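Undergrad: Going down the list, the sequences are from chains U and A. Position one of the first sequence corresponds to residue 1 (my numbering), numbered consecutively onward. Position one of the second sequence corresponds to residue 1 (my numbering), numbered consecutively onward.
It is possible that part of the hints are untrue.
[To be verified] Which stretches of chain A does chain U cover? Using the computed rule of at least three CB atoms under 8 Å from a CB of chain U, they are:
hint, stretch
1, 13-25
2, 53-64
3, 87-94
It is worth saying that the hints were derived from the structure and are not from the lab. These numbers come from a predicted model, not from an experiment. Positions of the beta carbon are idealized from the N, C-alpha and C atoms, including for glycine.
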Amino acid sequence: MRGNPESHELIAVASLPEALTWLATTPGEWTPIAGGTELMVAHAAGRLTQPKLISLWGLPELSFIHVSDESISIGGGVTFGQIRRHAAIAEEFPLLSLAAGWIGSIANQNRATIAGNIVNGSPAADAPPALLVYDAEIELISQRGSRRLPYANFHLGYKQSVLRADELVLALHLPRRFAGHIQYLRKVGTRKAMAITKVALAGSALVDNGIVTEIRLSAASVADRPLRMKATEAVLVGRKLTPETRYNARTALLNEVKPIDDIRSTAQYRKHVAANLLDEFMNELSQNKQSPQEPSQQGFTE
Amino acid sequence: MSTCWQHIQFVVNGQHSAVDVPPMKRLLDVLREDLGLTGAKEGCGEGECGSCSVRMNGELVNSCLVPVLQASGASIETVEGLAIDAELHPLQKAFLECGGAQCGICTPGMLMAATHLLAKNPHPSISEIREGLAGNLCRCTGFIKIFESVLSAATMGGTNAR
Chain U
1 MRGNPESHEL
11 IAVASLPEAL
21 TWLATTPGEW
31 TPIAGGTELM
41 VAHAAGRLTQ
51 PKLISLWGLP
61 ELSFIHVSDE
71 SISIGGGVTF
81 GQIRRHAAIA
91 EEFPLLSLAA
101 GWIGSIANQN
111 RATIAGNIVN
121 GSPAADAPPA
131 LLVYDAEIEL
141 ISQRGSRRLP
151 YANFHLGYKQ
161 SVLRADELVL
171 ALHLPRRFAG
181 HIQYLRKVGT
191 RKAMAITKVA
201 LAGSALVDNG
211 IVTEIRLSAA
221 SVADRPLRMK
231 ATEAVLVGRK
241 LTPETRYNAR
251 TALLNEVKPI
261 DDIRSTAQYR
271 KHVAANLLDE
281 FMNELSQNKQ
291 SPQEPSQQGF
301 TE
Chain A
1 MSTCWQHIQF
11 VVNGQHSAVD
21 VPPMKRLLDV
31 LREDLGLTGA
41 KEGCGEGECG
51 SCSVRMNGEL
61 VNSCLVPVLQ
71 ASGASIETVE
81 GLAIDAELHP
91 LQKAFLECGG
101 AQCGICTPGM
111 LMAATHLLAK
121 NPHPSISEIR
131 EGLAGNLCRC
141 TGFIKIFESV
151 LSAATMGGTN
161 AR
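Please construct the entire structure, taking both the sequences and the accompanying hints into account.
TA: Structure (structure tokens):
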């Protein structure tokens, strides 16, 4: 432990409005902390630069999963353990359930929240690829009111987002129209578990008579942010999965991803593997599978 | 810069406790330094190794990642709460009998992760045991004897056996 607990203030609040008041009064002065799986690591290493923190852990207004006819709404304070255990999410949004199980150990999943995973802004984060292919909307709240935007528009660059200093993530909203889609998610890391992503790819598509009528693709660790791959999607939608289409999709992906060399992998490897994962998804689309693979068959690949 | 210490109360292994500490002090350090409960160990200090595992309100957590303020009012279970007087917990007996403990550094965390697993799932398969303990690293045993210990405890009736 190199950090000094006496160098940081930490306050607890009884309600969401109280938290928003603190954030609004002096925007940027207080840093929200929920499960601490990111900030407490920095704290122990002596790298936590924020002197004032406000605990959101356990706030009931952020800890809900609400199922309506149109959507499933997940409060920002919901943990990945709660997401994994939710039957309706597992049934209709299996990619999110699968990703939730990749987020560290059980102990980490019991503390890490979905808003934390997003706001932390890592391009390697596990939940975002699933949220992107499910067309999730993100709802932000402040004393000024709430606003709702496509999650795909949330990240602006490396660790940059539209979140303002006085705002919190209230919820993610997942539209309930993907149950019939062919869904795909594979993560490639150094080990089978407990490893940060080198590259991951998610997809959701409808195929009718061999023609891709609808498709969404996203990837992690291939750009400065979690990436929705609209250019690659555009090559595939409305087309039969001929060798030519597949070649064009692979080429489009290689142009669309902008990975870097870093401690975990190289740009070259990431590009090659991302294209191979797309190939694998296109194989599944060609076989016209009607349901996603069971998580046990589906991969976190070494 | 210094911060206001806070008076924090919680229940540890069934007993009320109160400490005056900085609110960002890690639960792990409060347990070890303020309460003298040195069972939970610091391995990595970043939530990777699980040697600081405790249960907080019935959920397994890494106590190195919990600022103590967030444990205010909570019920904490540590490895010291497993044995009742001189009577070892069935998991502790199984770890002894099956060679699940060697140097001992990871053992408290392994026991708490296993306790949590058996509380949620009294008869886990080997693969469920592997997942339940996936956040706990051991550099001595090669893990197999630990998995066998948990399986043995579950077969004997696990956490409800005593």
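Undergrad: Decide, hint by hint, whether the structure agrees.
TA: Right, here's what the structure says about each hint:
1. With a threshold of 8 Å between beta carbons, the proposed coverage of the stretch 13-25 of chain A by chain U holds, since 5 of its residues qualify and at least three are required.
2. Restraint check on the stretch 53-64 of chain A versus chain U: 6 residues with Cβ-Cβ distances below 8 Å, three needed, restraint holds.
3. Residue count for the stretch 87-94 of chain A with a Cβ under 8 Å from a Cβ of chain U: 0. That is fewer than the three needed, and the coverage hint is violated.
Consistency with the previously given hints fails for number 3 only.
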